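Peer 1: Under the working numbering, the first residue of the sequence shown carries the number 1, and numbering increases by one thereafter.
Think of the hints as simulated: they come from the structure by calculation, not from any bench. Just so you know, these numbers come straight off a predicted model, no measurement behind them. By construction, the Cβ of each residue, glycine as well, lies at the ideal position given by its N, Cα and C atoms. Certain hints may be false.
[Stated by the list, open to error] Within a straight-line C-alpha distance of at most 25 Å, the following computed PhoX-like cross-link-like pairs (lysine-lysine) qualify:
1) LYS317 with LYS377
2) LYS143 with LYS268
3) LYS309 with LYS268
4) LYS143 with LYS309
5) LYS320 with LYS345
[Unchecked claim] Derived CB-CB ranges, DEER-like:
6) ALA524 with ASP459: 23 to 31 Å
7) GLU149 with GLU67: 44 to 52 Å
8) ALA42 with GLU71: 49 to 57 Å
9) ARG388 with ARG48: 39 to 47 Å
10) GLN423 with ARG299: 44 to 52 Å
11) ASP45 with CYS455: 35 to 43 Å
12) PRO263 with GLU322: 37 to 45 Å
13) ALA454 with LEU297: 46 to 54 Å
14) ASP45 with LEU287: 29 to 37 Å
15) LYS268 with ASN26: 44 to 52 Å
16) ARG66 with SER290: 27 to 35 Å
17) CYS73 with ASP292: 43 to 51 Å
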Amino acid sequence: MAPQYQAVTLIASPSYPNAIAWSSDNLVAVASGHIVTILNPAALDGPRGVVGLRRSDPFPIGVVNREDLFEPCLVPTCLARDAEPCALSISWSPQGFAPNSGCLLAVCTVDGHVKLYRSPIWEICDEWVQVADLSQLLFSYYKTINFGEDNGSHLTSLKNINTEETEVLGSTCELQDPLSRRDPGQRKRKPPRVDDYIYDGNKDDLDASNDADFSLKPCSKSKKKSSKKTAKHGQEPVSVNGQGSTGNSKASLSSNGGNKSLPLITAKQYACRDACLSSLVVAWSPLVSSSDKISCLLRHWCVLAVGSKSGNVYFWKLYKPEYYTIDAGVVNSDPMLIGVLQAHKSWVSAITWEVSSEGSSTSSLLLATGCSDRSVKIWLANIEGLNRCTNAEEVPFALVAEVTTDLSAPVSAISLAVPAGSQYEVNLAIGRVSGSLETWTWNTCSSKIENTNACHAHDQVVTGLSWGMDGYCLYSCSQDNSARCWIYNGNHLEEIPVHTNFPESKESTDLSEVSDRCFGLTLAPGGQMIAVVRGLDLNVLDQMYQAR
């Protein structure tokens with residue numbers, strides 16, 4: 001009989017909340033620093049998958065005058081010092097969207113890029129394969145409408161973006177550089193491995209700089225003359241790449257070679273453009289089905305929601321492949337941008353989905369978004385309306401409830417659940433940076449939301465939150481290294497004891513005594529198991545054996 005508790009060590013320690021996710025095909029992804037580790041719960045000591053994260057080149061959105069670098073809106077960009085990429089948010093798609101009928105993994109990094117990965121099916125390696133760069137597609141969309149700065153540009157259809165011809169690069173089983181040997185400052189990076197399954201982006205738009213570091217790069221006289229705006233005397237245009245330390249001054253300002261130079265824009269324009277392209281959190285919707293009006297066939301699809309620093313939520317639609325294969329070949333299932341929702345006016349810090357039947361045969365999708373301004377909103381979308389979306393102006397989300405409190409702590413985690421037997425009630429759990437935990441109940445008939453419980457559940461940031469047992473059990477964890485279980489009974493929370501210590505291991509030091517922070521938790525698809533990821537205190541570990 002398998003032990004009740006099992007523990008496994010990772011290559012690197014996690015850094016951000018919600019750092020663990022359990023897929024519907026029974027795989028566990030853990031965002032631990034510069035890599036994402038894929039574990040098989042049935043064989044924790046067996047082979048592992050790895051998603052190696054590499055720094056992406058900044059998008060060529062424009063240049064600003066040197067004196068504008070000291071504007072308050074550019075201070076966060078100029079002070080960014082991320083030495084290497086790090087996973088900020090991860091989410092699994094429903095089963096069946098990968099070529100082998102598995103799940104796709106969406107990864108958002110600290111530099112604001114979102115990419116999709118699949119398991120290596122026909123490649124002989126352990127590193128997962130990148131199949132789509134959603135940030136590149138988003139940049140192409142904003143470039144088409146000039147970032148919405150032109151009058152009427154927001155009415156531009158996404159038809160040219162979504163139906164753009166897929167660039168087939170061919171599959172490869174070439175291994176990437178070993179993770180332990182990768183050094184962006186000393187070694188030339190290889191481009192991410194891609195296959196011919198999903199759109200790989202237009203690489204011509206990424207030639208603005210070969211260095212992802214922050215750099216001050218003066219324009220030459222010839223490039224100043226070719227700029228869209230003429231710089232005044234004494235104003236020197238510089239490119240701002242908010243991705244690390246001072247970069248190479250030899251990097252070119254050209255976005256497509258030496259002929260086209262980047263436009264000279266204001267500091268506010270740069271900050272707004274950068275916020276729109278900087279993603280923070282990703283979350284897949286449940287699997288939904290709808291009939292195709294042309295073929296009258298039932299098609300299955302899902303939506304990936306991506307929250308950004310601008311407060312926008314972007315929706316990407318993916319259809320389930322009509323067939324699966326283990327042979328190297330083309331399986332077309334391109335992501336399509338179907339909508340942009342201005343959900344908040346500040347950073348979107350948390351997103352979660354749920355399906356609501358509302359007591360009828362017609363189902364709807366519920367979306368909850370949390371923000372750094374302390375607010376949480378619940379949105380309702382009709383599934384048929386989402387299925388008809390073809391451009392960014394048709395997203396059919398309606399605001400049905402909003403949570404605003406006097407608390408000064410931003411939202412760090414949220415979770416939605418429709419209790420079994422309650423057709424007109426939806427439970428909402430909110431975890432905050434202060435460690436407080438709130439539960440709210442939204443009535444779908446009266447459209448009223450009521451606070452049912454508020455307590456100081458943890459001493460530090462709530463890093464994980466998940467409903468279980470059909471909405472009657474709530475699990476929470478915190479950066480204070482605690483994981484708790486709550487029973488939702490009679491509109492109030494009651495804590496029940498849960499054993500969170502690690503089992504006895506072969507090491508001389510018990511892992512429960514050296515762990516210092518908890519960075520997330522997740523439930524198994526059946527709800528019978530729970531996985532918790534923790535960081536280890538290197539000062540307590542044996543420096544000779546364990547710390548390495």
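Peer 1: Tell me, in ascending order, the numbers of any earlier hints that this structure violates.
Peer 2: 5, 7, 10 and 16
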